[in-house]
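Whenever a hint applies, use it, and build me the whole structure from the sequences.
There are 2 protein chains.
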Amino acid sequence: MTEYRNLDETKAFASLKACRPFDIREGLDGDRIKACTVAEAGSLAYNYAAMPVDDEIIDTLQALADEQQLIDKYKALLGGEIMNTGEKRMVLHQLTRGRAIDGLEVHADGVEKGVFYEGELEKIKDFSEKVRNGQIKGSTGKQIRTVVQIGIGGSDLGPRALCYAMGLVGPQDGCTKKIEARFISNVDPDDACTVLEGLDLESTLFILVSKSGTTQETLANRDLVFKVMQDSGIKGLVPQKHVVAVTSNTSPLAGDPDILAAFFMDDHIGGRYSSTSPVGGVVLSLAYGFDVFRQILDGAHAEDVSALEPDIRNNGVLMDAMIGLYLRNVLGYPYTAILPYSQSLHRLPAHFQQLDMESNGKHVNRFGKPVSYSTGPVIFGEPGTNGQHSFYQLLHQGTDIVPMQFIGFREKEGTLDAENGGSTSQTKLKANLVAQIVAFACGRENAQDPNKSFDGGRPSSLLVADRLSPFTLGAVLAHFENKVMFQGFAWNINSFDQEGVQLGKILAKKVLAGCGEDGKLLAYSDLLGMEF
Amino acid sequence: MTEYRNLDETKAFASLKACRPFDIREGLDGDRIKACTVAEAGSLAYNYAAMPVDDEIIDTLQALADEQQLIDKYKALLGGEIMNTGEKRMVLHQLTRGRAIDGLEVHADGVEKGVFYEGELEKIKDFSEKVRNGQIKGSTGKQIRTVVQIGIGGSDLGPRALCYAMGLVGPQDGCTKKIEARFISNVDPDDACTVLEGLDLESTLFILVSKSGTTQETLANRDLVFKVMQDSGIKGLVPQKHVVAVTSNTSPLAGDPDILAAFFMDDHIGGRYSSTSPVGGVVLSLAYGFDVFRQILDGAHAEDVSALEPDIRNNGVLMDAMIGLYLRNVLGYPYTAILPYSQSLHRLPAHFQQLDMESNGKHVNRFGKPVSYSTGPVIFGEPGTNGQHSFYQLLHQGTDIVPMQFIGFREKEGTLDAENGGSTSQTKLKANLVAQIVAFACGRENAQDPNKSFDGGRPSSLLVADRLSPFTLGAVLAHFENKVMFQGFAWNINSFDQEGVQLGKILAKKVLAGCGEDGKLLAYSDLLGMEF
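In the order they appear, the protein sequences are chains R and G. In our numbering, each residue's number is its place in the first sequence (first place is 1) plus 670. In our numbering, each residue's number is its place in the second sequence (first place is 1) plus 670.
Hints were generated in silico from the structure; no laboratory data involved. In this text, a Cβ means the ideal position worked out from N, Cα and C, and glycines have one as well. Keep in mind that a hint or two might mislead.
Derived CB-CB ranges, DEER-like [as the list claims (entries may be wrong)]:
{"hint": "1", "chain 1": "R", "residue 1": "779", "chain 2": "G", "residue 2": "1199", "range": "26 to 34 Å"}
{"hint": "2", "chain 1": "R", "residue 1": "779", "chain 2": "G", "residue 2": "1119", "range": "23 to 31 Å"}
{"hint": "3", "chain 1": "R", "residue 1": "812", "chain 2": "G", "residue 2": "919", "range": "38 to 46 Å"}
{"hint": "4", "chain 1": "R", "residue 1": "752", "chain 2": "G", "residue 2": "1199", "range": "55 to 63 Å"}
{"hint": "5", "chain 1": "G", "residue 1": "920", "chain 2": "R", "residue 2": "870", "range": "33 to 41 Å"}
{"hint": "6", "chain 1": "R", "residue 1": "1118", "chain 2": "G", "residue 2": "785", "range": "33 to 41 Å"}
{"hint": "7", "chain 1": "G", "residue 1": "1043", "chain 2": "R", "residue 2": "772", "range": "49 to 57 Å"}
{"hint": "8", "chain 1": "R", "residue 1": "1136", "chain 2": "G", "residue 2": "922", "range": "44 to 52 Å"}
Written out as structure tokens, the structure is:
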């Protein structure tokens, strides 16, 4: 029987607060670095050597994970328990990887959900192959050469980050042809204007993504695109025939008989967890082929399975989640930097920013009662080595400590490299990553010139894998999804709703309706030159 | 006579700590919103109505600005005083706007610096016009259609953000032709691989940007590009003739007689402050024409002039800087979100992240003594409305308060807009911005369901202008540069060096040389599959 209690009601949390942090400045050495590695899916591994935790703390984190029944709750989630308590929905994104864990069946909406998601996968496979091989063409008979995803939030950040991440995928991963993928998200008309500039509409396919089918930004951008198509004067161009929808099967978008195709998700998939559903699957399959998407799903699934392990020392994502909680709730750090040493992952921090902050930026527990401890931290990040020449100054020498989560790969993904000064670029990239972890952890005193002193003691972890293959990408994605889930369980919050976005929506509607008598809305509207 | 003392040695700071924050939840109304607007350059204005400050606090902030002699120090900086104390350099980026303030002359390196920077501007004008009109062509006789900037940190983030920001510039701003601009920054070879994919080398010009001429990433990427050119087998292609350099005139890059052209900056321009020097000027002038760059300079210059005003109520950037200090040092907020409601500004937060965190992420004062108060905060951000569907959940309902800096425009920049549901996209964009400010400030209680309650009291400011013209872009850029400068003066730190990047560089070299006996470097190198 699973029980839900607040973090500060557990015995383990009280013990955790009494633990003395491990001093990485003194204690980081080669043996520790080797010992503190946990294998995850495929070649992915989590290393926490440069985190301020010792055996006592890890034992206490294990006790906390056990006391909060994190693995049991994860299993309950997989089994279809109502985990999104506020909205009374199940949480089924792990089932969108294309196969159930342990053959678990989940029935809802009159179907077995695993079967439903697999059916959508089959549709994506069939459709994407037909578009890629030219069986399905644009309305004037041209082959599709560009796909444009129109979506915002979870319908944009995850799919976009994954598409960029796979930009250099090649024959070794079964990709011999690429279709360009672009994205329109912002309601700012300048976004669509920029993306559409120079686009050959006849060979472009638009993917409209909105679970509810009512997202303001997405509908506005659809109408912008339709207007551009209608104004183009191209003979025979039928806008609807250049559009597919990804939505729930009860939404207004689903019912449009004129569009080319519709692919379905459902209310049990939160937007920020939907990258492995058709929300990410359609665009990834069109851009790189269904096989690439399938391998992403395989990686995510393998990672989901590895997260079932109860022993924290053999479960990297559980270790990551619990150390994060120690950093947040005992050491009091209000942020975490996500730093991939891979330019292809340049938008992954933006996706994980949504994933984490929207899931765990909550002030009430799952029963709606305010909590008296900190929940989700601020997440930000940019790829290394770029960040080294930017905000790392503050990370090294600022007055506050910012924990870091590094991501690195042994091999490059693309076909290009060269030597300069005795080493290749890929070797330099890795050397910098190694150097930064050690510099942050150990620092270096300069007694003569404190301006050149580094205090050290700045904690970081490292997710490392052989190569940014589709499988590894799926595993990295699921690592962070499951980390957020475990932390949410430990904090006793609902990581799957987002009521915090509602008030802004209500007030925006009020502004669009003329502000009423609200002097504040009127004054700001006036400042922005709005006329009513 | 200017004097330098730590923040906590001032009388005004003691008074400031005794002030009670203004309650924006209750106190924000139409009159306050109108009253709390400060005009800056052109149509730019700073509004601080939703900041927790009242007249008493503002008077105290004025007293603090006076006691720390912020305007005097700014004037001293303009006059060529050694403000980068650690490196013993002047700080002259304001002089790169193309004209001195009040005709101030600054002599260094055997020249009058204003004359020197103007000379470089003339070179940029001449060169960019010749490339754009086809007088200067690629080595095989093709017209230049793409420019690729190779640089990292300040040689990348600012120029890139400004180039993206000007993506929709048109005839109304004197731009009738655009040359595509791309950027290679990361030492990760996958970065260059992605950017070079599909590029017509014969019609591409590369801009190598490194002040020292020794930046590891930039030299590695240069060699990658040269290799690709040499391997291309294109007859008559002379790599050197597709390269210009932006560097200091004493650097190794400056001496290459074979390259097409060299443009100079100097040691008195920090990388993160170099967007208005040739570091940003060459690529912007090539991409959009020198006139567009000139207007950016004009906007920055006008903003620099407006920042000389001693009265905080008439100096928006001084107000912004001092309120930021109040948020950081009295209210204790460790971060600030930068939220432009403009997709064209999507990389501006990344530039301001460097600008702020690299400048003010310091733990010692300008004399090298550790300070006992917080300095620069963590900066992060994404454009609205995108962020509303992402991390705003935490900003609205998280357990911590994150101050916000909004940026908005009355008009769109591009040519495209459409109606949907009774309003245009641009109107929706502005309505959302208005709604968010008010929702964050005032909140809304829901006694029945605390999960739907918004505490409010979440402070924000708004930078607003008519339109994202080149002039306005320059003004916004200078606003943030000068904000960082004023805060650095108030904290008594040197905002113009970056010693925090050095230890990582030293250790990376050690790793590339085989790690020596260092067990830590060896173990991490082993984890990353490096062989020695």
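Right, here's what the structure says about each hint:
For the pair residue 779 of chain R and residue 1199 of chain G, the beta carbons lie near 47 Å from each other, so the given range of 26 to 34 Å is not met. For residue 779 of chain R paired with residue 1119 of chain G, a C-beta distance near 25 Å keeps the hint of 23 to 31 Å intact. Taking 38 to 46 Å as the suggested C-beta distance range, the pair residue 812 of chain R and residue 919 of chain G does not conform, at roughly 52 Å. Between residue 752 of chain R and residue 1199 of chain G the CB atoms are about 44 Å apart, so this pair departs from the stated range of 55 to 63 Å.
At roughly 49 Å, the beta-carbon separation of residue 920 of chain G and residue 870 of chain R lies outside the given 33 to 41 Å, and the hint is violated. Residue 1118 of chain R and residue 785 of chain G have their C-beta atoms about 38 Å apart, which keeps the hinted 33 to 41 Å range intact. The hint said 49 to 57 Å for the Cβ distance between residue 1043 of chain G and residue 772 of chain R, and at roughly 55 Å that hint holds. Between residue 1136 of chain R and residue 922 of chain G the Cβ separation comes to about 37 Å, which falls outside the hinted range of 44 to 52 Å.
Hints 1, 3, 4, 5 and 8 from the list above are not met by this structure, while the remaining hints are.
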